[in-house]
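Protein chains: 2
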Amino acid sequence: MIFRSLQSLVMICLSVAMVMAQTTSAVQQKTLLGFDREGSDRERVLEKQFDSFLKKENLREWMKRLSARPHHLGSPYGKDNADFIAGLFRSWGYETEIERFDVLFPTPKTRLLEMTSPEKFTAKLEEPVVKEDATSGQKSEQLPVYNAYSVNGDVTGQLVYVNYGVPQDYEELERRGVDVKGKIVIARYGGSWRGIKPKVAAEHGALGCIIYSDPRDDGFFAGDVYPKGAWRNENGAQRGSVADMPLYPGDPLTPGIGATANAKRLEVKDAPTLTKIPVLPVSYGDALPLLRALEGPVAPAAWRGALPITYHIGPGRATVHLKLEFDFNIVPAYDVIARLRGNERPDEWVIRGNHHDAWVNGAGDPISGLVPMLEEARAVSELTKTGWRPRRSIIYAVWDGEEPGLIGSTEWAETHAQELQSKAVLYLNSDGNSRGFLFVAGSHTLEKFINDVARDVIDPEKEIAVFERARARAIITGDAEQRREARDRADLRINALGSGSDYTPFLQHLGIASLNIGYGGEAENDGIYHSIYDSFDHYIRFSDPTFDYGIALSKTGGRAVLRFAGAGYLPLAFSNFSDTIGRYVNEVTKLANDERDTIAEKNRRINEKTFEAVDDPTKTFVPPKAEPAAPYLNFAPLQNALARLQESTRNYDRAMVEATSGTRLQSSDVQQSLDDALRQVELAMITERGLPRRPWFKHQIYAPGFYTGYGVKTLPGIREAIEQHKWDEAGEQIGIVAATLEQTAAQIDRGTAILNTDR
Amino acid sequence: MIFRSLQSLVMICLSVAMVMAQTTSAVQQKTLLGFDREGSDRERVLEKQFDSFLKKENLREWMKRLSARPHHLGSPYGKDNADFIAGLFRSWGYETEIERFDVLFPTPKTRLLEMTSPEKFTAKLEEPVVKEDATSGQKSEQLPVYNAYSVNGDVTGQLVYVNYGVPQDYEELERRGVDVKGKIVIARYGGSWRGIKPKVAAEHGALGCIIYSDPRDDGFFAGDVYPKGAWRNENGAQRGSVADMPLYPGDPLTPGIGATANAKRLEVKDAPTLTKIPVLPVSYGDALPLLRALEGPVAPAAWRGALPITYHIGPGRATVHLKLEFDFNIVPAYDVIARLRGNERPDEWVIRGNHHDAWVNGAGDPISGLVPMLEEARAVSELTKTGWRPRRSIIYAVWDGEEPGLIGSTEWAETHAQELQSKAVLYLNSDGNSRGFLFVAGSHTLEKFINDVARDVIDPEKEIAVFERARARAIITGDAEQRREARDRADLRINALGSGSDYTPFLQHLGIASLNIGYGGEAENDGIYHSIYDSFDHYIRFSDPTFDYGIALSKTGGRAVLRFAGAGYLPLAFSNFSDTIGRYVNEVTKLANDERDTIAEKNRRINEKTFEAVDDPTKTFVPPKAEPAAPYLNFAPLQNALARLQESTRNYDRAMVEATSGTRLQSSDVQQSLDDALRQVELAMITERGLPRRPWFKHQIYAPGFYTGYGVKTLPGIREAIEQHKWDEAGEQIGIVAATLEQTAAQIDRGTAILNTDR
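Same order as they appear, the protein sequences are chains G and F. What the first sequence shows, in numbering that gives the first Met the number 0, is residues 0 to 758, in sequence order. What the second sequence shows, in numbering that gives the first Met the number 0, is residues 0 to 758, in sequence order.
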């Protein structure tokens, strides 16, 4: 995965059957969403059969094979893996092709980081071989430690420590009178997606950016280090993309269009998603001499990591020289696309994806998510041997180039945009898997559907449903209100999707309802993320030694695919969705009030010289600058649209109850019409012009944050305008989102009308 | 100071004059509490004159002299200092005596800490000489690093890390299936008063206790270490008492009575405040090899310090041998008592104290608090040369033996208990001082008085009143409600007193209204606390180089003493007090509800097997044990008593407004009667039988926590019963506290009656 997205997802937690019984009719309790009673029963039999085909030996064998050598985008073994995977699909009877794109993928020619003052030090930039790790010595094929899509650079400057390097950190620096202009910043990993760090550093005038892995976040502070334990050792470092993906993901040279052989390409120098300054990731072994040499103010307590030093901010005598040169090559990306044609509605596509490229060997990321999907696909193919065919078409997609920037998925989605928007009914993603709890995030029109799936998968460690286990965790970790919900709400909440894996082009660019699923939370696997130690040897010691959770993922993904492909009508539901939108509306309203109060409080402190009264005169402190008071915003259009959406939802639910009690929904034509209406509900949430300053992101409900990178911003147009104190824009965006919600309600009404015809 | 009590105090923060103008009459705005208008004007002239006598050169010279050699209880230089101080007072015309007590003070003969497995290591237990610190090399006179009132012991056992070693930490251990029985625990300093750590360890069956200074709390994590910076270096360690002072402070052999020459003494073996197990403090240099050798579960994130290791809990192969032997000697303690007789009400005593003993050189603790008090006393004596005499008697007390256990103050207070309860009107304490903000804690009947004082002292760095600076800090650090109060309430709140310095016997044993004052919060002085580096050289680099805040303390203490000694009637006020009691009543009511909910939630999780559903099966986790549901408590008696107290307060305020507008309060007899009534208000808050299981602590509003040591517990009888789930006892204590509040209200009514007579 391109980001550690699993951590940003709230688990789904699901209700006990008793609660279901109270909230839905007795008939529905027995039936699956989208099915009638008989269909439900047949479906459950089918799923039992499906389960019986799953073999965990396959997972182990395929992981060993696929992670045996480094297989990043453009590598020989990456191609080999794509061919191998395509061969598997073909052997299982899928109509399989490898779709190639030609994309920009820079790799380093020169990497030099040295401290020139107060003493000389040259960073090693090297992850050593570990004898307990069989693949760690494959030096000739490993990508070195670097950040992809950094620009070339040769810069020298005083060093400044900027904590996580997010905007708020620069406010702290300003408060202490520290300016990074003309300097080189060192930021620690964490607190945001890594690409935000050089972006914000450049916005503040820095010349270069170093990102290091502090042992507090994924090293010895967290646990014993590899190979004794699972965590990042002194020389472990984190590769990763720093392209400005919150602007647009995919090939930097072909925004919005597929990077096919003859596509019109930007020149590299014009590609807006490359960084503005050179950036390099290092281990804490390499960072320690630099950080130890820093002078200036002691860093705020929250900025201090686990290195055995006093963290200072700088600047001072510590001066570093950073020189980076890259080969800006165009390389082939190989997506494996395998199709199983639906026998009734072949032009409705259920798409299931996981990427195959890794930064190095990638046993955990992505192979641990990929092999359960392969096994799922194999078991589906076994079902076809019994004569079963899915009602809708199923497409298994195995993406290349996810790590550098969701490239394989984005280019494919852009190439086939029109067809996908008229045919895709679901994009279901996974990306890595380990022991623990089911995590789900995605479109809230799918919340009820995926709750149902999770009710039917048994946790291998606990022998209770995986949703029961997730629910228990929500009870243990939640506050009183979250506990109450976990116990009493019919379904438990899924989180919204920001970014970090291949769902982004489908959901946020094309408006296709999407989910991301995976197990985790018990394994210790953060410390080898994007390093050479993300290996088969590490995985089978620390992540899912028995592959039992791999099989749980096969069962989860398989059920979701089979149900979506087999349902009489699309298993979407809207009451959880409109409930969630209601929460978002409350959140942005509260956010506007909070920001207004914060500005007023700050201005009052400035006027009353409160900062001057408190600040220690023996240290440098600069009072913040006053800013214009925030206006009250007119949220009425949003509230009216929400009311309309809630009304539409209620009408749909009522119509559905009536329809399921009659015979009308048994008509294939009605089902097909309903599918067509339902499919377009998510499409109604996108706008052609997209979000301000980033038109590629068209979804009005979900987007990755422009300054968080993987953290989701819901109602992003409104929320980010408020966060950035762009009050006029916030007002405009309220109108746009309100219109989007009205449009969504109207689309739901079309479904209702179909259900109501002939009554 | 025996505890780092400054940190436990909330600063006082005070209102601007504008607010005062809105809330009090125009007359009162100009007058000081306890004075009429003319008296106020005279008092302000007197205070100006007082200020003019203060010389910061004296502070520097006395600090250098008093901290020139180690001067702990029983040391030659301690006696020398007492004589020197007594000489100063005599030279200023005070009636001065040195009062001697003979008290138990163990010093170490043998200190051995070694690891015997998995490898051999012997702790150095030695703070090295630092060439930049002139007194750090006085080895022959320094007390070694040890904890006073540890028992002898020679124990060997597996080592277990217990975080701060407070009861909650043992719940975490239990959850992980770790038992300390028969083992030796290692705890880090912080999170509670140090004496709690061996007490709780012994309650859980540990054989011995090691306490180390983690660099996260006062070492390199906080800032650069000594001598480069101010913080604790690798070999710095913290001496300190571990006697069970929440049971009773003072000489362990003479609980409740003065340790005079012929006092009846317990045998050492019967002294209940000695520890049950041997305990030794060490530096992190000595702790690191031990902690690094620990195996077993990784410690919870909140338990991990700043050492560059993965913190494990143990137990495992790491085994330590701890051997301690002490000389249990009786040594003399020398209190210096200096009196200035009041010319009108000599039998009303204003007592002002600070201790003189230190653990080693003690430039910061206690000399930085002592020398401003000496200068204050000198300036007061200068006033007498102008013919001025205080209305009431002033007693300056310079205590010995505070560090081992508030010994000098406690033995004096016990010896003179009856006289003090009939004569003392105020005990005003200080104990250390540095750059920063005014911190005040104490009796809330004094809140308005000390607010007035702080309005009239100018901050030397900012040239605004010290209360304006404190108010600004409350605005910066507070939440919305605290900010509102800091801006709008007439007076800002003072915190309640727990323990940690010499006010404890006066306030909590005798029921004398008390305050503790000092400046701090800007200096970096935590890292040398109770080490050989608490030196003159350290103080003038890092704490208050110019002694300007020493002079601010002289002005603050001097104003408080002069006003209290000179006021026409005692400057107590009760509306802030009853407001504060109302908050405490709300707190304990809410606490009872929260504990009830917590127990119910825990039991529900146990019944529903929520823990079992979540816990990682590859690790050891033990679900908590169910406990009986908590009953609802009858808080009505407390609420009725509070209502009565509020009514009495209103009546008093009304009577006072009327009295000050007439001539009656000009009568000396009336004033004397009123003084007598007001003096007994705080006395009404104590009960003869004291708190459950610790009868020495008699105050029903304020006590140090039995399991926090310095952290205050307000309404302690009720609060601790609820915290410990002793529901029957909580019910009884509600009755006792209610009766105490009724008694307090009745005493206020006596004052009201005096004001109202003849109307």
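One should not assume that every hint holds.
Put simply, identical chains are the same to the list, so a pair is met inside one copy or across any two.
[Claimed, not checked] Derived lysine-lysine pairs resembling PhoX-like cross-links, with alpha carbons at most 25 angstroms apart:
#  : residue 1 : residue 2
1  : K78       : K180
2  : K268      : K624
3  : K55       : K618
4  : K624      : K461
5  : K119      : K227
6  : K384      : K227
7  : K608      : K461
8  : K384      : K138
9  : K624      : K608
10 : K618      : K227
11 : K123      : K227
12 : K227      : K268
13 : K138      : K47
14 : K227      : K63
15 : K618      : K461
16 : K138      : K78
17 : K263      : K138
Think of the hints as simulated: they come from the structure by calculation, not from any bench.
Legend entry - Within, between, both or neither: K227, K268 at alpha-carbon 25 angstroms: neither (45 angstroms within a copy, 48 angstroms between copies)
Legend entry - 25 angstroms Cα threshold - placement of K138 relative to K384: Neither way: K384 and K138 sit 44 angstroms apart in one copy and 89 angstroms across, limit 25 angstroms.
Inset, instruction - Up to 25 angstroms between alpha-carbons, please classify K119 paired with K227: within, between, both or neither. - result: between (32 angstroms within a copy, 22 angstroms between copies)
Legend entry - 25 angstroms Cα threshold - placement of K78 relative to K138: within (19 angstroms within a copy, 73 angstroms between copies)
Inset, instruction - Up to 25 angstroms between alpha-carbons, please classify K384 paired with K227: within, between, both or neither. - result: neither (47 angstroms within a copy, 77 angstroms between copies)
Inset, instruction - Go through the copies and call it for K624 and K608: within, between, both or neither, with a Cα cutoff of 25 angstroms. - result: Close inside one copy (12 angstroms), not across copies (54 angstroms); limit 25 angstroms.
Inset, instruction - At 25 angstroms max between alpha carbons, let me know whether K78 reaches K180 within a copy, between copies, both or neither. - result: Neither way: K78 and K180 sit 43 angstroms apart in one copy and 60 angstroms across, limit 25 angstroms.
Inset, instruction - Indicate which option fits the pair K618, K461 if close means a Cα-Cα distance not exceeding 25 angstroms: within, between, both or neither. - result: Close across copies (14 angstroms), not inside one copy (56 angstroms); limit 25 angstroms.
Inset, instruction - If the cutoff is 25 angstroms on CA atoms, where do K55 and K618 land: within, between, both or neither? Let me know, please. - result: between (62 angstroms within a copy, 24 angstroms between copies)
Legend entry - 25 angstroms Cα threshold - placement of K461 relative to K624: Result: close only across copies, 21 angstroms inter versus 56 angstroms intra.
Inset, instruction - Pop the pair K123 and K227 into one bin, within, between, both or neither, using alpha-carbon distances up to 25 angstroms. - result: Answer is within: at 22 angstroms inside a copy they meet the 25 angstroms cutoff, but 30 angstroms across does not.
Inset, instruction - Could you place K608 and K461 in one of the four classes (within, between, both, neither) given a Cα distance threshold of 25 angstroms? - result: So K608 and K461 pass the 25 angstroms test across copies only (11 angstroms; inside, 59 angstroms).
Violated hints, listed in ascending order, are 1, 2, 6, 8, 12, 13 and 17; each of the other numbered hints is respected by the structure.
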